[in-house]
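Engineer: Sequence:
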Amino acid sequence: DHNHYSAQLPIFEGKINFFSPQKFRREKDCRSCLECSRDNGCVRCPERLFLLLHREGMSHHGTCLHACPAGHYGQRGKDINRCMKCRSLDCEHCFSRDFCTKCKPGFQLYKGKCLTRCPGGTFAHQTDCVEDCLLAPLGEWSDWSICLRDGVPCGFRWGKQTRTRGRVQSGRVLEEKAASFCPSHSETQRCRMKKKCPTGEKGKKEADYRCKQLLQ
Numbered sequence: 359d360h361n362h363y364s365a366q367l368p369i370f371e372g373k374i375n376f377f378s379p380q381k382f383r384r385e386k387d388c389r390s391c392l393e394c395s396r397d398n399g400c401v402r403c404p405e406r407l408f409l410l411l412h413r414e415g416m417s418h419h420g421t422c423l424h425a426c427p428a429g430h431y432g433q434r435g436k437d438i439n440r441c442m443k444c445r446s447l448d449c450e451h452c453f454s455r456d457f458c459t460k461c462k463p464g465f466q467l468y469k470g471k472c473l474t475r476c477p478g479g480t481f482a483h484q485t486d487c488v489e490d491c492l493l494a495p496l497g498e499w500s501d502w503s504i505c506l507r508d509g510v511p512c513g514f515r516w517g518k519q520t521r522t523r524g525r526v527q528s529g530r531v532l533e534e535k536a537a538s539f540c541p542s543h544s545e546t547q548r549c550r551m552k553k554k555c556p557t558g559e560k561g562k563k564e565a566d567y568r569c570k571q572l573l574q
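Take the position in the sequence shown, starting the count at 1, then add 358; the result is the number in our numbering.
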């Protein structure tokens, strides 16, 4: 009957407490802490986790994380590991405060810095400025040049000759860019020259002229 049903109902006395969204979030954040403050969240983390402090109004709130978020890097310490901010606002990930490893969209990474455009001698490749020249393969060695000294092929006993080995442009845009500014490899060796310069039509007119000028 009605009276029997009513007797089975639980009787609540006092006030029912509901968590606010902010308090519920803080209770959730405290699950990963070794020590937690009601007002400031985590103040100490397990050994392998990082403490991230972020500002909420006039105070800071702490959270323990397995990895630091974008714009931060992990700094391990004797007593606590912390997430520290990268110095550059254009940096998405950094190895240390001043050395960026990944830039935000719209920037190119070059030697730990985030730039709006790549410097001379480099070119943009994906998110980096590339300058290492290894992207363009080396070609075969050229033939040895004519044995010269002071720009002439005769009139001395010894001279020098060189050969070069340039970068191959295989048709790929990236390799063509690398080949266009990467220096060629070169080798130089000592070589024996003709002490007497050739004359007449058999000799080169330019070499003959230079030799005569030199020997006068």
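Everything labelled a hint here was simulated from the structure, so no lab data went into it.
Quick caveat, the model's predicted, so the values are computed rather than measured.
We put the CB at the ideal spot given by N, CA and C, even for glycine.
Careful: at least some of the hints might be erroneous.
Here are the simulated distance ranges between beta carbons [claimed, not checked]:
#1 Ser544 / Arg413: 56 to 66 Å
#2 Gly470 / Arg507: 17 to 27 Å
#3 Glu405 / Ala482: 37 to 47 Å
#4 Arg445 / Ser390: 43 to 53 Å
#5 His543 / Arg434: 27 to 37 Å
#6 Val401 / Asp456: 24 to 34 Å
#7 His483 / Lys552: 45 to 55 Å
#8 Lys553 / Thr485: 58 to 68 Å
#9 Phe457 / His483: 47 to 57 Å
#10 Gly478 / Ser503: 48 to 58 Å
#11 Gly497 / Lys460: 12 to 22 Å
Derived BS3-like pairs (lysine-lysine); straight-line CA-CA distance at most 27 Å [claimed, not checked]:
#12 Lys553 / Lys518
#13 Lys462 / Lys436
#14 Lys471 / Lys460
#15 Lys443 / Lys460
#16 Lys462 / Lys518
#17 Lys518 / Lys554
#18 Lys443 / Lys469
#19 Lys443 / Lys462
Engineer: All the hints need checking, so say for each whether the structure fits it.
Structural biologist: Hint by hint, here is what the structure shows:
As the Cβ distance of serine 544 to arginine 413 is approximately 58 Å, the hint placing it in 56 to 66 Å holds. Glycine 470 and arginine 507 have their C-beta atoms about 46 Å apart, which leaves the hinted 17 to 27 Å range violated. Against the hinted window of 37 to 47 Å, the Cβ-Cβ separation of glutamate 405 and alanine 482 comes to about 41 Å, which satisfies the hint. Restraint check, arginine 445 to serine 390: a C-beta distance of roughly 27 Å breaks the suggested window 43 to 53 Å.
Checked against the hint of 27 to 37 Å, the pair histidine 543 and arginine 434 fails, with Cβ atoms roughly 43 Å apart. For the hinted restraint 24 to 34 Å between valine 401 and aspartate 456, the CB-CB distance of approximately 28 Å keeps it satisfied. The hint said 45 to 55 Å for the Cβ distance between histidine 483 and lysine 552, and at roughly 49 Å that hint holds. Checked against the hint of 58 to 68 Å, the C-beta distance between lysine 553 and threonine 485 comes to roughly 60 Å, which is consistent with it.
Checked against the hint of 47 to 57 Å, the pair phenylalanine 457 and histidine 483 fails, with Cβ atoms roughly 20 Å apart. Between glycine 478 and serine 503 the beta carbons are some 29 Å apart, a value that contradicts the proposed interval 48 to 58 Å. Separation of glycine 497 from lysine 460 is about 34 Å and departs from the stated range, judged on CB atoms against 12 to 22 Å. Under the criterion of a C-alpha separation no larger than 27 Å, the hint pairing lysine 553 with lysine 518 is consistent with the structure, at around 14 Å.
For the proposed pair lysine 462 and lysine 436, the alpha carbon gap of about 31 Å is over 27 Å, so the pair is violated. A threshold of 27 Å between alpha carbons decides the hint, and for lysine 471 with lysine 460 the separation of about 9 Å falls inside it, so the pair holds. Proposed proximity of lysine 443 and lysine 460 is supported: the alpha carbons are some 14 Å apart, at most 27 Å. In summary, the hint linking lysine 462 to lysine 518 is not supported, as the alpha carbons are separated by about 51 Å, beyond the 27 Å threshold.
In summary, the hint linking lysine 518 to lysine 554 is supported, as the alpha carbons are separated by about 17 Å, within the 27 Å threshold. Between lysine 443 and lysine 469, the direct Cα distance comes to roughly 19 Å. Compliance with the 27 Å bound is thereby established for this hinted pair. The straight-line distance between the Cα atoms of lysine 443 and lysine 462 is roughly 14 Å, inside the 27 Å bound, and the hint therefore holds.
Hint violations for this structure: numbers 2, 4, 5, 9, 10, 11, 13 and 16, all remaining hints satisfied.
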